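> Sequence lines, in order, name chains H and D.
Heads up: the first sequence begins at 1 in our numbering, then just goes up one per residue.
Heads up: the second sequence begins at 1001 in our numbering, then just goes up one per residue.
Simulated from the structure, these hints should not be mistaken for lab results.
Any given hint could be a false lead.
[What the hints assert, rightly or not] Output of the computed footprint for chain D on chain H, the stretches with three or more beta carbons under 8 Å from beta carbons of chain D:
| no. | segment |
| --- | --- |
| 1 | 21-33 |
| 2 | 63-73 |
[As the list claims (entries may be wrong)] Derived DSSO-like pairs: lysine-lysine, alpha-carbon spacing no greater than 30 Å straight-line:
| no. | chain 1 | residue 1 | chain 2 | residue 2 |
| --- | --- | --- | --- | --- |
| 3 | D | LYS1047 | H | LYS23 |
| 4 | D | LYS1068 | H | LYS13 |
| 5 | H | LYS13 | D | LYS1108 |
| 6 | D | LYS1044 | D | LYS1108 |
| 7 | D | LYS1068 | H | LYS63 |
| 8 | D | LYS1108 | D | LYS1047 |
| 9 | H | LYS12 | H | LYS23 |
| 10 | H | LYS63 | H | LYS13 |
| 11 | D | LYS1044 | H | LYS63 |
| 12 | D | LYS1047 | H | LYS12 |
| 13 | D | LYS1108 | H | LYS63 |
| 14 | D | LYS1068 | H | LYS12 |
| 15 | D | LYS1068 | D | LYS1047 |
| 16 | D | LYS1068 | D | LYS1044 |
| 17 | H | LYS23 | H | LYS13 |
| 18 | H | LYS19 | D | LYS1068 |
| 19 | D | LYS1047 | H | LYS19 |
| 20 | H | LYS23 | D | LYS1068 |
| 21 | H | LYS63 | H | LYS23 |
| 22 | D | LYS1108 | D | LYS1068 |
| 23 | H | LYS19 | H | LYS63 |
| 24 | H | LYS63 | H | LYS12 |
[Claimed, not checked] Beyond 10 Å from chain H on every Cβ pair, some chain D residues (computed):
| no. | residue |
| --- | --- |
| 25 | VAL1010 |
| 26 | SER1078 |
| 27 | LEU1080 |
| 28 | GLY1094 |
| 29 | HIS1100 |
Since we're looking at a predicted model, the values are computed, not measured.
Using N, Cα and C, we set each Cβ at its ideal position, and we do this for glycine too.
Residues per chain are reported as follows:
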Amino acid sequence: QVQLVQSGAEVKKPGASVKVSCKASGYTFTGYYLHWVRQAPGQGLETMGWINPNSGGTNYAQKFQGRVTMTRDTSISTAYMELSRLRSDDTAVYYCARDVGPELGSGLDPWGQGTLVTVTS
Amino acid sequence: QSALTQPASVSGSPGQSITISCTGTSSDVGSYNLVSWYQQHPGKAPKLMIYEGSERPSGVSNRFSGSKSGNTASLTISGLQAEDEAEYYCCSYGGSSTFHVVFGGGTKLTVL
Chain H
1 QVQLVQSGAE VKKPGASVKV SCKASGYTFT GYYLHWVRQA PGQGLETMGW INPNSGGTNY
61 AQKFQGRVTM TRDTSISTAY MELSRLRSDD TAVYYCARDV GPELGSGLDP WGQGTLVTVT
121 S
Chain D
1001 QSALTQPASV SGSPGQSITI SCTGTSSDVG SYNLVSWYQQ HPGKAPKLMI YEGSERPSGV
1061 SNRFSGSKSG NTASLTISGL QAEDEAEYYC CSYGGSSTFH VVFGGGTKLT VL
């Protein structure tokens, strides 16, 4: 079945960086956009951007530009999201989610299980 | 502040129907048939309920339906069941101003 499996929870200090992985299975990895979405405790969903696994092209939400980098390794069907210069308000669950296509933004399914990133001194 | 506007909460009794609205602009919701809806239970990842405005993924109950009028999209749940109690989020392609998706702030559905 189509599945996204993310890396485990992380605890980081302010100013550090975190890299979350998202391994895809059950479909052609390069055929669908992958989105990254985060959710702070008790808050709503916030888009961070997307990556085109085929070309490696990316689009980042303005709020995260300069701090986020999305990459992929097609040989292992895995996407990565790295967020730098972490602050306490970056504490959140980070999700990857596949776009159902064919158009960008058609809908996101499935979602990874989420990765809790805690930023604390 | 979220890009799309949803009511903070709605409620209904079992068996009733409810509708959740999602208001955007002519640059996002109004310009594209790319609105999706997600159900999220506490501690769980969001689940796609409606995509491309009104399409239901395989396995989603036909009690869930989506529609759009102008800059406002709507999710209707008929025959409310206790298991429908959850947070619901709308999402739209943001168009050429952002080139990524934007979410609503979420609506808490309470089944009385």
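> Hints first: check each against the structure and report whether it holds.
Status of each hint after checking the structure:
| no. | hint | result |
| --- | --- | --- |
| 1 | 21-33 | violated (count 0) |
| 2 | 63-73 | violated (count 0) |
| 3 | D:LYS1047 to H:LYS23 | holds (18 Å) |
| 4 | D:LYS1068 to H:LYS13 | violated (44 Å) |
| 5 | H:LYS13 to D:LYS1108 | violated (33 Å) |
| 6 | D:LYS1044 to D:LYS1108 | holds (15 Å) |
| 7 | D:LYS1068 to H:LYS63 | holds (28 Å) |
| 8 | D:LYS1108 to D:LYS1047 | holds (15 Å) |
| 9 | H:LYS12 to H:LYS23 | holds (22 Å) |
| 10 | H:LYS63 to H:LYS13 | holds (21 Å) |
| 11 | D:LYS1044 to H:LYS63 | holds (25 Å) |
| 12 | D:LYS1047 to H:LYS12 | holds (28 Å) |
| 13 | D:LYS1108 to H:LYS63 | holds (26 Å) |
| 14 | D:LYS1068 to H:LYS12 | violated (43 Å) |
| 15 | D:LYS1068 to D:LYS1047 | holds (20 Å) |
| 16 | D:LYS1068 to D:LYS1044 | holds (27 Å) |
| 17 | H:LYS23 to H:LYS13 | holds (26 Å) |
| 18 | H:LYS19 to D:LYS1068 | violated (38 Å) |
| 19 | D:LYS1047 to H:LYS19 | holds (24 Å) |
| 20 | H:LYS23 to D:LYS1068 | violated (34 Å) |
| 21 | H:LYS63 to H:LYS23 | holds (25 Å) |
| 22 | D:LYS1108 to D:LYS1068 | holds (20 Å) |
| 23 | H:LYS19 to H:LYS63 | holds (18 Å) |
| 24 | H:LYS63 to H:LYS12 | holds (20 Å) |
| 25 | VAL1010 | holds (16 Å) |
| 26 | SER1078 | holds (21 Å) |
| 27 | LEU1080 | holds (23 Å) |
| 28 | GLY1094 | violated (8 Å) |
| 29 | HIS1100 | violated (5 Å) |
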